[in-house]
Amino acid sequence: MEPNFASYSVGLMAIIKTEGLTYTYPVATKPAVEDVSITIEKGEFAVLTGPSGCGKTTLCRCFNGLIPHFYRGDLQGHIRVIDFDVRETPIHKLALHVGLVFQNPENQLFALSVEKDVAFGLENLGMLREEMQKRVNYALETSGISHLRLKAPHELSGGQQQRVAIAGIIAMQPEVMVLDEPTSFLDPLGAEKIFKVIRILNQSLNMTVILVEHRLDLAARYANHVIVMDRGKVILDGEPKEVLSSEKARLVGVGIPKVTRLYQRLEEDGILKASEIPLSSEEMIALLRGVLAGD
Amino acid sequence: MIDVKRVSFTYPNGTEALREVSIRVRDGEFLAVMGQNGAGKTTLVKLFNGLLKPTSGKVLVDNVNTKDTSVAKLARSVGFVFQNPDNQLFCETVEEEISFALRNFGFDESRVKRRVTWALNLLGLNEYRKTSPFMLSGGERKRVALASVLAWDPKVVVMDEPTIGQDHRQKEKLRQFIIQLNSQGKTVVIVTHDVEFVAECAPRIVLMSSGRIVAEGSSKEILTDPETLTKASIVVPQITQVFMGLADLGFQFDVIDLLSAKKLLSERLIKK
Ligand SMILES: Nc1ncnc2c1ncn2[C@@H]1O[C@H](COP(=O)(O)OP(=O)(O)OP(=O)(O)O)[C@@H](O)[C@H]1O
Ligand SMILES: Nc1ncnc2c1ncn2[C@@H]1O[C@H](COP(=O)(O)OP(=O)(O)O)[C@@H](O)[C@H]1O
Ligand SMILES: [Mg+2]
Ligand SMILES: [Mg+2]
Chain A
9 MEPNFASYSV GLMAIIKTEG LTYTYPVATK PAVEDVSITI EKGEFAVLTG PSGCGKTTLC
69 RCFNGLIPHF YRGDLQGHIR VIDFDVRETP IHKLALHVGL VFQNPENQLF ALSVEKDVAF
129 GLENLGMLRE EMQKRVNYAL ETSGISHLRL KAPHELSGGQ QQRVAIAGII AMQPEVMVLD
189 EPTSFLDPLG AEKIFKVIRI LNQSLNMTVI LVEHRLDLAA RYANHVIVMD RGKVILDGEP
249 KEVLSSEKAR LVGVGIPKVT RLYQRLEEDG ILKASEIPLS SEEMIALLRG VLAGD
Chain B
-9 MIDVKRVSFT YPNGTEALRE VSIRVRDGEF LAVMGQNGAG KTTLVKLFNG LLKPTSGKVL
51 VDNVNTKDTS VAKLARSVGF VFQNPDNQLF CETVEEEISF ALRNFGFDES RVKRRVTWAL
111 NLLGLNEYRK TSPFMLSGGE RKRVALASVL AWDPKVVVMD EPTIGQDHRQ KEKLRQFIIQ
171 LNSQGKTVVI VTHDVEFVAE CAPRIVLMSS GRIVAEGSSK EILTDPETLT KASIVVPQIT
231 QVFMGLADLG FQFDVIDLLS AKKLLSERLI KK
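So the sequences go chain by chain: A and B.
Quick note: the first sequence uses our numbering, first residue 9, plus one each step.
Quick note: the second sequence uses our numbering, first residue -9, plus one each step.
Just chain A, same shape as in the assembly:
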């Protein structure tokens, strides 16, 4: 096994690479993640999706070392993130490179004010005060919470708390950004704005993004890689259009965009056929216009 794995680390672009990764929580009877072999390239915007309880969060915890260092349990197989073997790298070291927004924001916030919470990660980086101030302001601004900067995080609404957690990672600008259902508490326009900011960071800084999301209506358009899990295993891994149009994705009940579902229903009935499956309402409108032209 070992020699085989060594060759991955010399691969130029792979930033996350797992090989036969299997993890079982302490006292659990079956693995939460089973035989997962995936590669995420530097600068990718990857969306990780799949039914509730399929292992998405567990896999994210492997990316930043919470598994195995905090959760313990049994980890088999290989996982490398950037240049680190996760198993051999302490969490605090990985944390400088991999930022994780938790699924439940309340569990992540602890400072006495929003501003301090957002600045926390930067203090650990030993950043200059001025640069820090600039980053924090940018993060608060783009997350839409400048007006809350002096408030206590535990006295905010659910969505406001989630924005604070996201602002923390936007300020950090880590090489790898892992966001676990980061928009579940956000209002739709807010979610859209935050996806756009993340997309900008992803493109301008070549930051790698891994986004766990059910609401593919909003997220699909930003992704260039989609991974679908089911019962601990990766069942689909590839280009968004390919993955989301596959029969398997539909069968496991992935949150395929509504317009894509509409297209699939019409296609089943033999009424509509496109060379490329629509993922957004714009694409669906263009397709229907093409077909109905000259009506």
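Hints were generated in silico from the structure; no laboratory data involved.
In this text, a Cβ means the ideal position worked out from N, Cα and C, and glycines have one as well.
Don't take each hint at face value.
[Said to hold, decoys possible] Chain A residues, not near chain B, derived (Cβ > 12 Å throughout): (1) ASN115; (2) LEU136; (3) LYS201; (4) TYR230.
[As the list claims (entries may be wrong)] Below, in silico cross-link-like pairs of lysine-lysine (DSS-like), each with a Cα-Cα straight-line distance of 27 Å or less: (5) LYS36/B - LYS159/A; (6) LYS249/A - LYS252/B; (7) LYS38/A - LYS163/B; (8) LYS36/B - LYS48/B; (9) LYS48/B - LYS103/B; (10) LYS201/A - LYS210/B.
Place chain B with the ligands on chain A using the hints.
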């Protein structure tokens, strides 16, 4: 009936979360409260079962002022599922979690058993009966929180963000269950950001912004009104976006759900 009369609410730190809000939830109604983060939605629905008491104004539940009764008493008829399940769950196993309230309300043991099994099945949690809620995924925990309230069959069910962490299939199950509850005459109130879920359920919608109700109406009226939605930081459902984009081809644009969309498009496409 829940009658909220000119209620304002200010948190101890001085945040004015509600400003003179009036709203009536009739028996058997299905209502969705939507709007931007921090608009006051959670604060509003916490008034419905007395978890919060108004700073001014009053809330009447079946003509009883929530100030004159206890949360424990109100809870039997108004069940409340928290936005964050961690604020609600505390037992050692999922089974105990769901049994807890049932025992408190004096259900006998055989009924407790039946209701627990029923709720576990409904929310797809059977395999977790003996598991600690804290060892579950976020979406599973949310379903335990839903199960523990639905189990005691309250007359009014208030769910704060019920679709959080749920995949398409779970959402579809939840949708069908809500429709069933509602058709049995129960009152259902959901707080949600999930526009696509609302578009398929078609409840009456109340839109909130900055502590006030800014619009009220049917799903069709509200979800096809982009200007009003933007004020509440909500986007138009995908299906409606498509129909709006085709308006010049003679399509009606007040379409929000998948089935209607398919029907309307089929009619036109078949002619081609
Ligand atoms: N415990 C608290 N103490 C002080 N202020 C609070 C508290 N909880 C909420 N607030 C404030 O009250 C206002 C309304 O909050 P509420 O939780 O009702 O919003 P919401 O509409 O449910 O938002 P979200 O969509 O983010 O859940 C916000 O300004 C929020 O910051
Ligand atoms: N701390 C934990 N201890 C034991 N089992 C857990 C723990 N967290 C999650 N699990 C279990 O592992 C499986 C995968 O969970 P998770 O990765 O959180 O799923 P997802 O994020 O895809 O919804 C589920 O069966 C869940 O019950
Ligand atoms: Mg999860
Ligand atoms: Mg809320």
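Evaluated hints:
1. ASN115: violated (7 Å)
2. LEU136: At about 32 Å from chain B, LEU136/A clears the 12 Å cut-off, so the statement holds.
3. LYS201: violated (9 Å)
4. TYR230: For TYR230/A, whose nearest Cβ neighbour in chain B is about 15 Å away, the distance exceeds 12 Å, so it holds.
5. LYS36/B - LYS159/A: The given pair, whose Cα atoms are some 22 Å apart, holds under the 27 Å limit.
6. LYS249/A - LYS252/B: Holds - the C-alpha atoms of LYS252/B and LYS249/A are around 21 Å apart, at most 27 Å.
7. LYS38/A - LYS163/B: Measuring from Cα to Cα gives roughly 26 Å; hence the hint holds.
8. LYS36/B - LYS48/B: Distance of about 13 Å is within 27 Å: holds.
9. LYS48/B - LYS103/B: violated (38 Å)
10. LYS201/A - LYS210/B: holds (25 Å)
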